[in-house]
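J.: Protein chains in written order, with our numbering: chain A, 1 to 101; chain B, 1 to 562.
Hints listed in this document are in silico derivations from the structure and should not be mistaken for laboratory results. Be aware that a few hints might be false.
Stated by the list, open to error - Cβ-Cβ distance ranges computed for the label pairs, FRET-style:
id, chain 1, residue 1, chain 2, residue 2, range
1, B, Q420, A, F60, 45 to 51 Å
2, B, M413, A, K11, 42 to 48 Å
3, B, T539, A, I14, 22 to 28 Å
4, A, D74, B, L17, 32 to 38 Å
5, B, E328, A, D74, 53 to 59 Å
6, A, F60, B, T329, 39 to 45 Å
Said to hold, decoys possible - Listed next, the in silico DMTMM-like pairs over lysine to aspartate or glutamate satisfying Cα-Cα at most 20 Å (straight line):
id, chain 1, residue 1, chain 2, residue 2
7, A, K79, B, E551
8, A, K4, B, E552
9, A, K11, B, E552
10, A, K11, B, E551
11, B, K326, B, D337
Glycine is no exception: its CB is placed at the ideal position from the N, C-alpha and C atoms.
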Amino acid sequence: MSDKNAHEYWKSNIRIVLSLLTVWFFISFVCGILLVDVLDSIRFGGFKLGFWIAQQGAIFVFVALIYAYIYLMDKLDDKYNLNRDAEEAVGQTSKESEEIR
Amino acid sequence: MSVQIWTFVFVFLTFGLYIGIAVWSRAGSTSEFYVAGGGVPPLANGMATAADWMSAASFISMAGLISFLGRDGTFYLMGWTGGYVLLALLLAPYLRKFGKFTVPDFIGDRYYSRTARLIAVFCAISVSFVYVCGQMQGAGIVFSRFLEVDITTGVIIGMAIVFFYAVLGGMKGITYTQVAQYCVLIFAFMVPAIFISILMTGIPIPQIGFGAELNEAFGGGYLLDRLDGLSSELGFAIYTEGQRSTQDVFFITAALMFGTAGLPHVIIRFFTVPNVRDARRSAGFALIFIAILYTTAPAVAAFARTNLINTVNNAEYSAMPEWFSKWETTNLISFTDKNNDGLIQYVGDPERNELEVNRDIMVLANPEIAELPNWVVALVAAGALAAALSTAAGLLLVISTSVAHDLMKRSFMPDISEKQELRSARIAIFVAVLVAGYVGINPPAYVAQVVAYAFGLAAASFFPAIVLGIFQKRMNKQGAIVGMIMGFLFTASYIVYFKTINPTIDNASGWLFGISPEGIGAFGTLINFTVASLTARFTPEPPKDVQAIVEEIRLPGEAIAH
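Isolated chain A (complex conformation) (with noise of 0.2 Å):
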């Protein structure tokens, strides 16, 4: 891999690492506990909002976070043809080609 391809690639990667750590900061600082007194105003079945946040919901998010980093690292890794198995490698070649140019 190019050294342009390689730093393209990271600064891709520091994007979406940035992008997911904004969600995970506002999901657990800012809802969970800067702003929990104000999200308890609201309320869904027995629960008020910022203490089911504070409680269970910041894990669901953080669980989906990972995921999505999966799936993001993944579909990047795949645009600059990295870690890929040797046999997979050979036969997507002409495809990767065109992708990368």
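Starting from the structure of chain A, add chain B where the hints point.
T.: Here is chain B on its own, set in the frame of chain A:
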């Protein structure tokens, strides 16, 4: 069958299973011993990570802690799960690509310095050691309470089992026993939770029952409203409202998250999968498996609290069920009839309150309080032991690899053969088991407390050094060394100051910015990041070959050949 016979059956069967796995997965090489040969499938590694991570504290104490902390218990829930997002996004894939055996290995190579490696060894051993003593103690307590053997015998049985499979199988044996232990512990945690959710709300999913209406027998209305009502009626803090200051909760949560991402025994689990993609995937599996317990725990906390109040408050002492006297003998629950009316007053006002309840009882006795079948009660013991032993094994491995690999092979005795290294690793585990067992039997007063601080120390030492090593090519050995030392020293001194030197001012007005010793690790992390970055600016940049390594670990693909 009685609870005790059921308990013997479960403990005997699960221990037999662990030993069977150990014999089947003996380690033959250092690579197998340190990282299970790097061939663990992501699903199995996810389970092993979850068991490695969820300790006796998660299983026995956490739900109970939350049931007494109410909303403030949030910092355990978010802190101990949110750290996995950091681990998955910032550490696991790159460390896997780096492809070494231990965390000090990464620090030592990335910062081209024996000093850095030795500091990392010191931090890894002290953090892991403190932590493992707590596990041994946990195992001893479970043995003594459920099987009525004394704590010493309990700890020795636990030591023997861990010793057997850790010494024989190393990481390979530990990994596959952890997979089995995860299954045991999650089953043991979920079955009583599901039972109690059905009993109280009619809903078999505890996470939903948490927000549902109670059955008529329990007074009707939403569970959390009922709990808030009972709390205010009896003078306890309102369950769904916070008591601690916002900045303290903020910092404790952050310290637990950074600490989770910096704990060596969790990080090394990601060295055991075949490649970078699998490292990402196994982080996902790990968090799912952990989330099953962590989203159930707050529900269990609320159910158990409501049920306890319903059962004991203003009830006649003489009419208490069998579990009450059983747990009274272990001093986990104690009653003094202050006004001599023969009734139990369980209230917030310490003058009138007649019942002292230990937080651990919320999980250990919960099935009995809810009058669940005997086999369900017995399951809890097997689950708690699985949680304690799996974590202990992971920690012992960190200690042994740090000694045999980083201290001997990589620092002071580079000429030893692979066979000798492997033998040293086994001897190191043996010694570590003995010392941990001794401390488990004769716990110094501070061990239990210090376990909680292990997170702050891991956060303030490892987390920044590893993250900077990956994301800042310019970070050099001077920066990393000064950062780790400052972060560790600041955090350790703050904790020691408030816990031993000047405990009288250990309260919100005495703390720096209102941050408790539990949360100070987050501040130590910031100090580490700042000091390291500043130092690196004014000292020479790292050599070209090290910068090339950094370039290399940023891209997935084959592990670097060293």
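J.: Are the hints correct? Go through all of them and say.
T.: Verification of the hints:
Between Q420(B) and F60(A) the C-beta distance comes to about 49 Å, which sits within the given range of 45 to 51 Å. Taking 42 to 48 Å as the suggested C-beta distance range, the pair M413(B) and K11(A) conforms, at roughly 43 Å. Look at T539(B) against I14(A): about 25 Å separates their beta carbons, and that is inside 22 to 28 Å. Our hint of 32 to 38 Å for D74(A) and L17(B) holds, since their Cβ atoms are close to 35 Å apart.
Roughly 56 Å separates the CB atoms of E328(B) and D74(A), a value that falls within the hinted 53 to 59 Å. A hinted range of 39 to 45 Å for the beta carbons of F60(A) and T329(B) is consistent with their spacing of about 41 Å. Between K79(A) and E551(B) the alpha-carbon distance is near 19 Å, which keeps this suggested pair within the 20 Å criterion. Restraint check for K4(A) and E552(B): satisfied, since their Cα atoms lie roughly 14 Å apart, inside the 20 Å limit.
Proximity of K11(A) to E552(B) is assessed by CA-CA distance (about 15 Å); at most 20 Å being required, the pair is judged to hold. For the suggested pair K11(A) and E551(B), the alpha carbons sit about 12 Å apart, so the restraint of at most 20 Å is met. Taken as a hint, the K326(B) and D337(B) pair is honoured in the structure, with Cα atoms around 18 Å apart against an allowance of 20 Å.
No hint from the list above goes unmet by this structure.
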